[in-house]
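J.: In case you want the letters, here they are:
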Amino acid sequence: MAGRVPLAALALGAAAFAAARAALPVALAAPREPPAATVLVRYGFDDETVATGPDTFAVFRAAHGGVALTSTFRKSGYRAVEIRDVAGNGDFSELQGYFPEQRAGLVFAHFALLTARPEEELNVALAGPRRFQLGKDGIAFWLSTRDGRFVHVSDSIPKKLAPVRGFVWYVVDVAYDVDRGVYDLTIQEEGRAEPIVALRDQPGAARQPASAVDVFSFISDPMEDVSDVTYFVDDVVITTSRDVTVPPLVAPGRRKLFVDAFAEYRRMQDAQPRCLPATSLEDLGMGPHETADPGVLAMLEDILASATRAEWREPSKDATPPVALAGVRAAAQWRRGCVALEEGRAAIALEQFDGAAGLAPRGRIYALSAALALIALGRNEEAEGRLEAIAGDWSDDPRFAIVSARLADARGDVAGGQETLRAAAQRGDGRAAARYYSSLLWDGRWREAGELAAAWARRTAGAAESAAWLERAGDAAFHLREIAAARDLYEEAGRAAPEEASIVLKLADVAFVLGDLDSERRYRERYYGTLDPP
Amino acid sequence: MKSLRTLAFVAAALLVPQFAPAAGTLEDAVAADDLSVIKAMGPSVMPRLARLYAAGDEERRQRLATVFYRLGWKSDEARSALMKDVHTPNQGLRLSVQYALGRVSDDVSVVDVLLDNMQNDGQLLFRDKAACALAYDQVHLTPAQKVHLFEGLIRALDDPKPDVRRISALVLQIQTGQDKGFRFAGPPEARARAVEAWRQWLAEYRSQL
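So the protein sequences, as listed, match chains S and A. According to our numbering, the first sequence is numbered sequentially starting from 92. According to our numbering, the second sequence is numbered sequentially starting from 2.
If you are wondering where the hints come from, they were derived from the structure by calculation, not from laboratory data. Wrong hints could be hidden among the right ones.
To be verified - Which chain S residues stay away from chain A? Per the calculated CB distances, all over 12 Å, these:
id: 1; residue: Thr-129
id: 2; residue: Ser-167
id: 3; residue: Arg-298
id: 4; residue: Asp-316
id: 5; residue: Glu-355
id: 6; residue: Leu-367
id: 7; residue: Ala-437
id: 8; residue: Asp-488
id: 9; residue: Arg-518
id: 10; residue: Asp-609
id: 11; residue: Arg-612
Claimed, not checked - So the derived label-pair ranges between C-beta atoms look like this:
id: 12; chain 1: S; residue 1: Glu-392; chain 2: A; residue 2: His-88; range: 19 to 29 Å
id: 13; chain 1: S; residue 1: Pro-338; chain 2: A; residue 2: Arg-52; range: 54 to 64 Å
id: 14; chain 1: S; residue 1: Arg-271; chain 2: A; residue 2: Pro-189; range: 28 to 38 Å
Computed from a prediction, not measured in an experiment: that's the story for all the values here. A virtual CB, placed ideally from N, CA and C, is assigned to each residue, including glycine.
Chain S on its own, in the form it takes in the complex (with noise of 0.2 Å):
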């Protein structure tokens, strides 16, 4: 685990808020209730060991920047972390740190950062799931240097603070109340007894109550690319007044092993209901007649790609001849309800899948999406109902059998459900048989979910697709701990998907566990990054 920070410097953060709040009026200055303080992250980055890792952090260095250890400056120990950039160079340095989310009490973040060019841009956030953006579980605190002045983002409005001097140490400290979303920021400049900020009861970045959050982050210019930036940060501390429990590392960098981390994650993934993807216009309803315009072609590709902008796709009248206009509307219906679907508003959904078969009763994926939502809203009956009513439509098409299966499982029949996925697959169905795979697997039938992978790394001719089964055989050969066949599986798979992170880091699990350290290392950090210098 990285880093010991001296109890000095948590000293010094007590001592910070203590003057601060001296300072401010008796009204406002009512104490908090003293922090429990449980430690979730602690990097002074002395230690042998800064291992890279999800639940540690990612070092991502831009080309001709950097970011590594260094005992040029340091606040304390001998050794911080140096973060540079060149503006231009299309990329950003940062350091991401990652914690157990929080999502109520106060958390306390301590850091200490040194700039050598004050009027170069730098920035630190405090962020929840949804990363590094404004609005609820975004960006909760966010501080700059801008034009050699902190500016702190708050309530969505860059704020400036005191000015920044080049090569002296400032301490900085936030208390941020989640469940009000407000903080505390007390900076605190080398050689003052004073603190240079010192404010209470701060609306947080975007104003968001109960804003989660779970990562830090020390970067340089990640939106325009103009800052030559460096600045070292030292003895980082995040703490909770919660008494919670933080796990321990059971590897480098990380609580969980990457092959536990994924197989959670699919797990996650099977038992969120999703939409099946429309393999033809026919399941969307459209035919030759309205599709004959090459406009409404460019138009359902938009509407059916990523979901990133999907807010903004809202197929016109104007610009669509009336001829599509319906099919068109249906689509992207049909692509709302999918991402209300994904997002666990399972009602919306099945309104929003209603309201496409509406508008295009030939389209027969929205029935069978409708049945899915059913499912994930508990209603099994009705969505019985409505799968008999739409049988005779599907034949033997395997997403009929994929739903078919899920509905067996959500009424507890894992078998029946098992049966239904197996027979797809043997009918030469993939996306069955991944669903099958998966099912064997959460059942604890290894040796066959392994078996099924194997056949069909061998029956599939795509680079990507074979290296997916041979990814899964290694996962069922790792379950059983047949931990070199897992190694040789997850190489032969990493040969044919040389970029697959999922590969890569479960080749560090393998090492790990095989006690190869260096390549554990190698490979973690390919992904992760490394503090060491270059």
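Here the structure of chain S is known, so what remains is to put chain A in place on it, guided by the hints.
T.: Using the frame of chain S, we list chain A on its own:
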């Protein structure tokens, strides 16, 4: 996966030619949609790209607008070239241009033309996508220039067209993470209260400049 993105960028940087690229290389890279080669030439390539844009047919201009968008480098030449197509009826070209403008410029004239398209274009699709560009692509604006953007968006919350009110509110929400309780289809009095809250917020924003 950012570390691989970084590696890819390093690899691209290593491709920086020791000498000026041979004539035709840029055109070839544009034709092949090879952004790494264009990136390796650095921001000084932007005026040449702008000239290629001005000389191209609509298909090539759309391709180049996408290149400008992906590069995200500020360039007056690129802005001037793109602005000539900001009202084109060619759907694909128009959308690419609207998206690219904010990526190449911090000029408030870009904000103005996008606000105008968002409120007044005859086609809902173009209004909608202009809003999309205002929400996501104004990456070079300073806080002072953002005041200009926010003023326009808050003004548009009073637009008689519900779709304009909806997309304006959405842009504000994406830009600030807040909605101040504004509902585009809500009763006029409730909308007026929310607009007043936005105006007060803007005054506070302006006071911090």
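J.: Are the hints correct? Go through all of them and say.
T.: Hints, one by one, checked against the model:
no. : hint                                 : in the structure
1   : Thr-129                              : holds, 28 Å
2   : Ser-167                              : holds, 29 Å
3   : Arg-298                              : violated, 6 Å
4   : Asp-316                              : violated, 8 Å
5   : Glu-355                              : holds, 19 Å
6   : Leu-367                              : holds, 26 Å
7   : Ala-437                              : holds, 24 Å
8   : Asp-488                              : holds, 34 Å
9   : Arg-518                              : holds, 35 Å
10  : Asp-609                              : holds, 19 Å
11  : Arg-612                              : holds, 14 Å
12  : S:Glu-392 with A:His-88: 19 to 29 Å  : holds, 24 Å
13  : S:Pro-338 with A:Arg-52: 54 to 64 Å  : holds, 59 Å
14  : S:Arg-271 with A:Pro-189: 28 to 38 Å : holds, 32 Å
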